[in-house]
Amino acid sequence: MAVFIDGDKKHFRQLNGMIKEALSSDKNAVINNVNGQRYIAAGLEGDFDIVINGVPGNDLGIFMDGPFIRVYGNVQDGAANTMNGGALAVYGSAGDIICYGMRGGSVYVRDNVGYRAGVHMKEFGEKKPVLVIGGTAGDFLGEYMAGGIIILINRQDAWRPAGYFCASGMHGGVIYMRGNVEVGRDVRVESLGERDKEVLTFHLEVYKSLFEINLENVKIDEFNKIISTGNRPYKKLYAGI
Amino acid sequence: MGINLVMQEYEVLRNEAKCIGCKICVNQCANNVHRWDEDWQMIISDDKYCVNCHRCVVFCPTGALSIRKNANDFTFNANWENRHIKNIYRQAQSGGVLLTGMGNDRPYPVYWDKMVLNASQVTNPSIDPLREPIELKVFLGRKSALNEKDEVFKDDIFPWLELDLPVMFSAMSFGSVSLNVHKALARAAETMGTYWNAGEGGVHADLKKSMNHTIVQVASGRFGVNPAMLKEAAAVEIKIGQGAKPGIGGHLPGEKVGQEVADTRMIPVGSDAISPAPHHDIYSIEDLKQLIFAIKEATDYKKPVAVKVAAVHNIAAIASGIARAGADIIVIDGFRGGTGAAPQAIRDNVGIPIEFALAAVDQRLREEGIRNEVSIVVAGSIRNSSDIVKAVALGADAVYIGTAALIALGCHMCQKCYTGKCNWGIATQDPKLVKRLNPEIGARKLVNLLTAWQHEIKEMLGGMGINAIESLRGNRLMLRGIGLNKKELEILGIKAAGE
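Residue numbers (the working numbering), protein chains in the order written: chain B, 1 to 241; chain C, 1 to 499.
Because the hints were derived from the structure by calculation, they are not lab data.
Warning: the hint list may mix true and false statements.
Stretch by stretch, here's where chain B covers chain C in the computed footprint (C-beta under 8 Å, at least three residues) [claimed, not checked]:
id, segment
1, 73-81
2, 91-97
Below, in silico cross-link-like pairs of lysine-lysine (DSS-like), each with a Cα-Cα straight-line distance of 30 Å or less [as the list claims (entries may be wrong)]:
id, chain 1, residue 1, chain 2, residue 2
3, B, Lys10, C, Lys48
4, B, Lys20, C, Lys208
5, C, Lys445, C, Lys435
6, B, Lys236, C, Lys421
7, C, Lys69, B, Lys236
8, C, Lys432, B, Lys235
9, C, Lys137, C, Lys231
10, C, Lys209, B, Lys127
11, C, Lys445, B, Lys20
12, C, Lys445, B, Lys127
13, C, Lys154, B, Lys9
14, C, Lys48, B, Lys235
Note that the structure is predicted; figures quoted are calculated from it, not measured.
Beta carbons are placed, not taken as given, at the ideal position from N, Cα and C, and that holds for glycine.
Same shape as in the complex, but just chain C (with noise of 0.2 Å):
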């Protein structure tokens, strides 16, 4: 189809005088951006290739490479960017859908990061979580009787999750990543007394030993998904949609679908996973509620039931729905949360953040009287300790991390998930690439990462004057407004700051 018009993304700089042609870039990048050249006899970079995922840059023993944005931009144009016109040459080229991976990465307003903390100054003072408890356990799920007229319901205690932080690792199914990221999370999950959630790819037969800490999917292509993992799992998630692309299905490429994938899905080797859009058996809230009690049925009530859905506009009524369902837990994934691989028009356009939309699913359900009925877990773009006590304040139960739990797994958001060369063995089925990430190590690191952000919390809420996170929940006073709207503030229910 004639030249491709879409000019490298990266250049690939070598300091030709540090280089000692050891020629570990050239066996560590999968994109084939590095070879060695027996005529000249030394390393040749094909920038061409290059993702920025700076695999060769961190293992390079002596700093010879780094990366850079390609310098070569189009004439300045405010309305013309430089990735508009790229993506119509792409299109124009192979008629494709734009696929992309990570979450949104559009310069929207980041709602966190336009609220602020209180914190004790002379009277309630402060509490030092180095020397008092402050405790972090949570329970998610059902906290009164199942509304129901059902007099069969009436004495129902339903079980809980025991959390003792209020994070868990959030769903990425295996097919999506690599087994050895599946073995760290679980591993993770378990040391730091949480969960893990093994995505709607079910579970590899060689964590089997960890159900008690995984939470498994129920998800519109239903890969994976038979009786004795819904009763050994600690809970089942019925994935509705995704924040990164609410509305849509997914495909699993058939080159990812290896056998163990294969084993895992329960599908045959070779053929594309696919997940469509709507659950057949789900048009309405109704049906929903049928989903709900057949997993209830089937695991004799012993597991608690979450629903996952993608935040979008009307989320306070589906969240809503969702409950008078019989939801033990709604999920709420934001438009920024991450993926594997999603149409490009769709995760950066569809979706509304997470902060309004769990502001407002808190504030209706509480005007409805139903909010003790559910927990309610967020997703889609938790960064940092502060957003975990910043959501918690807004009103969530707990949250989910995907995103930064892989990027402790030494992922560098390059946004190439999707083409499952991932160099630093995450997002791959391809063995070579896969033993690159070491579970022991990366459930080492996930501990550490939440273990360092169990003290930030506690610190948080000791000078607040609070010493148990239940106490936070949706104690919105807490919390103070900067460079934001009236109405703004209204969803979020906040004050301004200095109010």
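Okay, chain B solo, but in the shape it has when bound (with noise of 0.2 Å):
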């Protein structure tokens, strides 16, 4: 049985207050009415289940470690901010930098996300950050990446599914991208191989079950890889005096 907590007119520390509290002795909270409350599940660790209705403000989940969160509307920024495990699913859209700096566990937004998504993903160890985006990505998507996957679906076929500047500086991890790739010099682009088409087929599917939605047009061979030509990007770039 899930405990009921209405967000309407709480302010941020109220709300996440009420929350912490429902965990205490609850693993399921249904959130209704969040209209813009920031910092909602900061540093939470546990397998909680947590439901929102309503559009949570920025840092959702930032630092989280275990829970699941569905999001039933739009996100604003900085969701999934530096997360370290569990799992967010966004029925909607993202704002700017989500999963900066993300460590573990996945986040599957259904339609498009902003700019600096996936900004300083790291892996490590068992730890496999996963990022996955039904529609487009703003500028900056994976810059500085150094681990984990994200994929761009581009569902709805645009001719240019991420913006400017995409995987610059980027020294680790992957993405998988379907549509037009324009990517900066530490990258190069890749067919898919035999595992990447697994990885593939797997966050494919749990976007469709998660979403309801069946990805008709998209075809696995449409996607392409991009990956770090080295992890050490600097390793040129300094003298010793």
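Two chains, two frames, some hints: make the complex.
Here it is as structure tokens:
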């Protein structure tokens, strides 16, 4: 049985206090009427199941480790910031800097994301963060990326699925992008291997079942794979004195 | 690329009459300066690799070794100094950005040395700290309610850090320094009732038991940052900038990212650990406020949040913004602050002296009526106890020491931290070198240093007739300037000696 929390006209501190209070005795919470409150589930650790109805504010799930959050609405900036584990599903679009510095867990966005998505995502041991975007992304997608997986499905078949400076400074991880690819000098574009197809198939299936979208126009072969040319981008930059 | 035109920096002088061929120098030098020659049956030294770290000199049992600066100067030219010529040779050879270590070594004025302290004579008698108590305890954090329109914060009492003396160990990451340095700093901080800062590389598992004396950093790379670490630490510091390299990020080269550094930073072994220049979620004071409150939310408002910035031109306005963003502690790092690696051009030319930055920030926050809302911690070359007393008189609540702590651990200031071959076991990850620094002995040396400074601070306070460090804070009448022009005196907010 889930706890129901009403976010109407609540200050973020009150709302987050109520959520923490509820989750101290329960595993499930449904938060209704969320209207821009920030820091929901910040630093939350544990296998909680949270449903958010409305539009959560910035830094949703920052530092989070473990919970599964579903948002029936759009999310604002900074969702899954420095997230360590767990999952986030957004039934709408996300603002800027989603998944900044994210180290683990998975994030699925049904529609589009703003600028600087997946900046400095990194992986560590068993932790391999995944960001799946159903639509398109703004500039600087995967900038400084150091690990993990970004999948840009581009289900609306946009001519240009990602903005400028995609993958600049990337030195780890992989971006799968469907449609036109324009990337900087630090990376190279490859065709998919068998393992890549398995990974893509898996995440596309999750996407389809989460959002109940059949992705009829999307073919695995239409994806390109972007990887870095090395994990030591600045090796030759310096001279000792 | 042709012959390397840079001549050796140092000459190794070996007194053959004293040398007994024990090969200690051969074993001690990680730069491979000394080697045993089987054919000649003697030790040969290759001067060009010498970095002047004095490891061999200190360890030579017969005192046979000494290091001299290479006397081969270029023809005198006050404009084209030796260093300019050599740097051009180096860059023409390599095409690289010149990298260096430790703080700004250029002969800029040191304003600590141009300020003198007061003492009581006849009236307001001085206090003898050996007979009477003098209080050095300080509390860092917000001393008033959060300046917020939001009703929800009006009753909050915010958490403080309690320091037995106004000195903490400043941020040096595991990766830039060895684990034994971290162990020594953590133990010394616990013993002395103060705090050490783990830097942006996370906290090694062996140091979890010291977390209540540990300040952790959230920097742009977010290395090692996880909810458990934030909740266990004594305080959380958002690192925006560093005095040695304001405005640029950091790159821990893959060679230094071994298994333990990788586990602590939570990145793969051997990959470059890149801290971007900005935090990509902070493009404004409002964004900074957002990260401060995200950390406060994640830690249930139980941890003070510090924001560290480099001292730059508009530091007073920046500090005002940080205070208004809700930070509990503002850390200002002056342009002489140390580093494990920084481009020389940045280290030597960007930023302003901490003395001016501190005076300007304290003044600005007082004028705005918000000085009581935050604590100010200064860093960037605090070299001795009198620097601390002067900093407190200028308005600081406490200071951070980094370079001074490393010198206590044996650093000889050769400025080659970035090579990873530190013969003193400090700025290295090579297991053979790391074990040269015994954390127990290191901790004792740091405790000794702080104990000595504690006595000296009390002596200076007692001499002024002041029995609590809190009463000295911002008491600029206790300072006088020597050899400063009118504008400098005005910025520092002090009178000239004799006035």
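Going through the hints against the structure:
1. 73-81: Per the Cβ count (0), the hint is violated.
2. 91-97: holds (count 6)
3. Lys10(B) - Lys48(C): Not satisfied, since the Cα-Cα distance of roughly 68 Å exceeds 30 Å.
4. Lys20(B) - Lys208(C): Holds: Lys20(B) and Lys208(C) sit about 25 Å apart, inside 30 Å.
5. Lys445(C) - Lys435(C): Given pair Lys445(C), Lys435(C) holds - Cα atoms ~17 Å apart, limit 30 Å.
6. Lys236(B) - Lys421(C): 19 Å, holds
7. Lys69(C) - Lys236(B): 29 Å, holds
8. Lys432(C) - Lys235(B): 24 Å, holds
9. Lys137(C) - Lys231(C): This hinted pair holds, its Cα atoms lying about 25 Å apart.
10. Lys209(C) - Lys127(B): 25 Å, holds
11. Lys445(C) - Lys20(B): Violated: Lys445(C) and Lys20(B) sit about 45 Å apart, past 30 Å.
12. Lys445(C) - Lys127(B): 40 Å, violated
13. Lys154(C) - Lys9(B): 18 Å, holds
14. Lys48(C) - Lys235(B): 23 Å, holds
When the structure is compared with the earlier hints, violations turn up for hints 1, 3, 11, 12 and for no others.
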